[in-house]
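Chains as they are written, first to last, in numbering that gives the first Met the number 0: chain A, 0 to 427; chain B, 0 to 291.
Keep in mind that the hints were calculated from the coordinates and are not lab data.
Just so you know, these numbers come straight off a predicted model, no measurement behind them.
For each residue, glycine too, the CB sits at the ideal point set by N, CA and C.
Check the hints yourself; a few may be wrong.
Reference listing, derived: stretches of chain A covered by chain B, where coverage requires no fewer than 3 residues with Cβ under 8 Å from a Cβ of chain B [unchecked claim]:
| # | segment |
| --- | --- |
| 1 | 76-90 |
| 2 | 125-138 |
| 3 | 177-183 |
| 4 | 209-222 |
| 5 | 260-273 |
Non-contacting residues of chain B with respect to chain A, defined by C-beta distances greater than 10 Å in every case (computed) [to be verified]:
| # | residue |
| --- | --- |
| 6 | 26 |
| 7 | 27 |
| 8 | 44 |
| 9 | 183 |
| 10 | 233 |
| 11 | 241 |
| 12 | 288 |
| 13 | 291 |
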Amino acid sequence: MNSSENQRSRKTLACTAEATAFQKRFGQDLRRRVIDEGEPFAIVQADTPHEIFHAMDIPIITNQWWSAYISAKQLSSRYFDAMVEAGYPANSCKYCSLGLACTLANEPETAPWGGLPTPTVLVARLTCDCIQQVFGQWSQALGSEFFPIEAPAWEDKDPDWFAHSKSDWERVYQPDRIAQMVREMRDLISLLENRTGRKFEEARLHHLMEQINVQEGFIWEAAQAIGAARPCPVSIAEQMPNTMIPQWHRGSDWAVAHARKFRDEVLERIAEGKGAASNEKLRLMWIGAGVWHDPGFYQSMEESLGAVFVWSMYMPFAGPAYIRDIKGKPMEALASRVASMNETLHLPPWMNGWMTAEAARCGIDAAVMLLPPDNRLSQSGTKLTAIALEAAGVPVLMIDADMVDAKIWDHDRMVAMVSGFLAERGLA
Amino acid sequence: MIASIGPLLPLEILEATGRYAGPLLADFDAPTPVARRWLESKFAPWAPCVLERWAAGAYDGIETAVFSRADDTAQRLYYYICELRRRGHIKGPEPVIFDLAQIPRQSSLDRTIAQVRSLADRLGVDDAALGNAIEVSNQGRSTIVEPPVGLNCLLAGTPTPDGRLGDAVRRAGFVPHGVTLEEEWSDPGPQVDLSCSTPVEALGRQLHGRTAGPRSFADPAELMAAKVRAAGASAVVLWRIEEDEAYAWHLPAERRALEELGVPHLVMTRRDWLGRDGAPDEIRKFLEGVKP
C-alpha cells in the first residue's frame, strides 16, 4: 500500500460515532472477559449461529471481525509474511486466515491483546475448501477443538429467494438442509454446555430471535428509504458500521436501540434533503467485502465527481438474510438464516438474482466489484452477476484487490481506476 | 448415458444404472474463451475446459451429469451450469449434485447415507442392483497389487491432466506413482463392507469414511507417509498448482513428514497445471540428481 494508505472515512451521523465507541468499549470488555478473567469463549466464522452463543452468554470472537481488527492495525502484511516463512504458499486464501497467521506468527509484543488465549471451541461452516484447513490448524495451534458445520448442497434454486425468505423459509432453504443444521446446532449446544457449564434455554433463543427481527426490521426500513431517496442520505462508509456493529451484538438491547436510532437519523436526513455528497450525480454499488484497510475509499469521489457509493451488501442483506417469521420454531428459523448466508452472496442464481434486483431498487448507475485474486469463494459468482447487471443496464468495473491484504491496494490507483471507468462509460 | 464430475462419488450407483459413461473430461490444452466469460480465475483449470465443451454441445448426448460436493470447484461448477442452463446460455445434460458430508459426526454420516439413497432412487437403482454393483467393485478392490520394485518416485499433490509429468519421471529412470484427474475421479476407494443392513448404508459409510479428497479430515502427514510407503518411493515430487486452495494448507505438515522419512523430495507449489512452466524439466533434473 502506498503513502495514501488508510484514508479515514468522513462521518455525518451521530450514531456512527456511538457505534464505533460502543464497539471499542465492547472490545475492551471482551478482552477483560477472555484475557483478564479467563472466561470461556469461542472463535467463530461470521456465518455461524452466533445466536446460540448469545443465548448462552458465551463471548465470541468473530474471525472476520478479528481479521479486520488486525488489518486496521496495519499488521496483515507482517503476519502473512510469517505464514510464508512457516512454509505456506504466498497465495493461500487471505480473508479467513489472518487470525491463524497472527497465532502462528506468535509475536505477543505486536499481536492485538498480545494474542488470543485458548478458546473453548472454534466453529466454522465448510463453505469452501480451505476453511476447514484454516480452522483445523488454528484449533491445533491454540490447543482447542474445531467444530465444523456442513454446508449442504442447495438444490431448490429460487432466484427471487429474497422475496420469500421471511415467511416461506422452510421451502426456500430446503427442509432437509434446515434439519441438518438444527441437528448440528444441538450437537454444538451439548458441547458448549459440557465445556462451560452454562445452560441453553430455547425460550431465551426465541426472545433473542424476536429482538433480532425488530433490530433488522429497522435496518431494512432504513435500507428501503436509502434506496428510494435522492440524494442518498448516507454513504456505505456509514451504512456498514451502523449495520455490522449492531449485527455483531444482534438481539441485545443496545443493538435494537442503535438500529432504531440509525433508522431515525437516516429518515431525518432524507426529510431534510441532506445528501452524503453535496451534489449527487452518480449512484454506485459496491460488490464484495468491505475494504477495511481504506474506508476512506468509499467517499473519495463524492465531492470531485458527485459519485456516491449508496449500496453495499451489508445493510440491505439485513432484511432477507435475517428477518424470519419464527412460527414457534426458533431453532429451525435460525438454521434457515445460517444455512445459506454464504451461498446467497457468492453463488448463482441467488447472488445475481438479488443484486440485480437491488440495483434496480436503488437506482444504481454503475457497480464496482471486488475480485480477490487468491480467493475462489470471494470471486465466486462475480462474473455471472456482472453479466446480469450489465444486461440490466448497469456498467460494472471489476477490480483485482483483497479486502484484508493491504499489499495490493493503492488508494490513489483505485480511485483513478474507478474515475477512469466512469468516464469511459460516459457517466462522469 | 450418465457422466460424473468430481471425486468421491458413489460410482457403484452409476455403474448399476448400466448407463455410466465415466468422468466428464475434456481436451485440457484447448483454449476456453467462452467458459472464461463465466468462470473466475481460481476455479481448478479443468473446470473451464469442461464448461467450454459443455457450451459447445459436446455433451448433448449425455442425459445426466452427477457433480460431487466433495470438491469445491465441482460443486460451484454445478451451480454455474444450472444457472447458465436456466438463462439459456447452454444446454446439455441435466446437472445433479451428490451431497457428500464428510465431517466425522453422526449427523453427517446420516446425511451421506440419505444422499446415497436419494441418488439411487433418482437414477432408478434398487438395493439388489446396487448390492451387485458393490460386489463387482469389491472384487476389483481385492486384486492383489505386487509391491513396487525398482526406482520409484511418488508424484504427489494435484492430480495431473494426463501422463505428462509421469513421462518426465520415467525419462529420469524412475517409475512414477501418481494419479491423473481421470484416475482420481474414477477411484472407488476402499472395500465396501456389505455386512451393513443395506447396500445403501454400506456405501454411505464407505464414502463418509474416505480419507481422500480436499474435505477429508485425515491427518495429511500420515497420508503422505502412507503414500510414500505404498509406492516404495525413493524420491518424492510434491507438485501443486496455482488454483489449489485446500491441499496448500497441508504443505508444512507434509514437508515435515517427508523430512522425517528422510526421502529426497522436490516441492513445487503454485505451478501451471499444464506443465508449461518447465516443471517436467525440473522434475527430471531433480530425479537425475538423487538417482543412486
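- Message: Need the list of violated hint numbers for this structure, in ascending order.
- Response: 4, 5, 11
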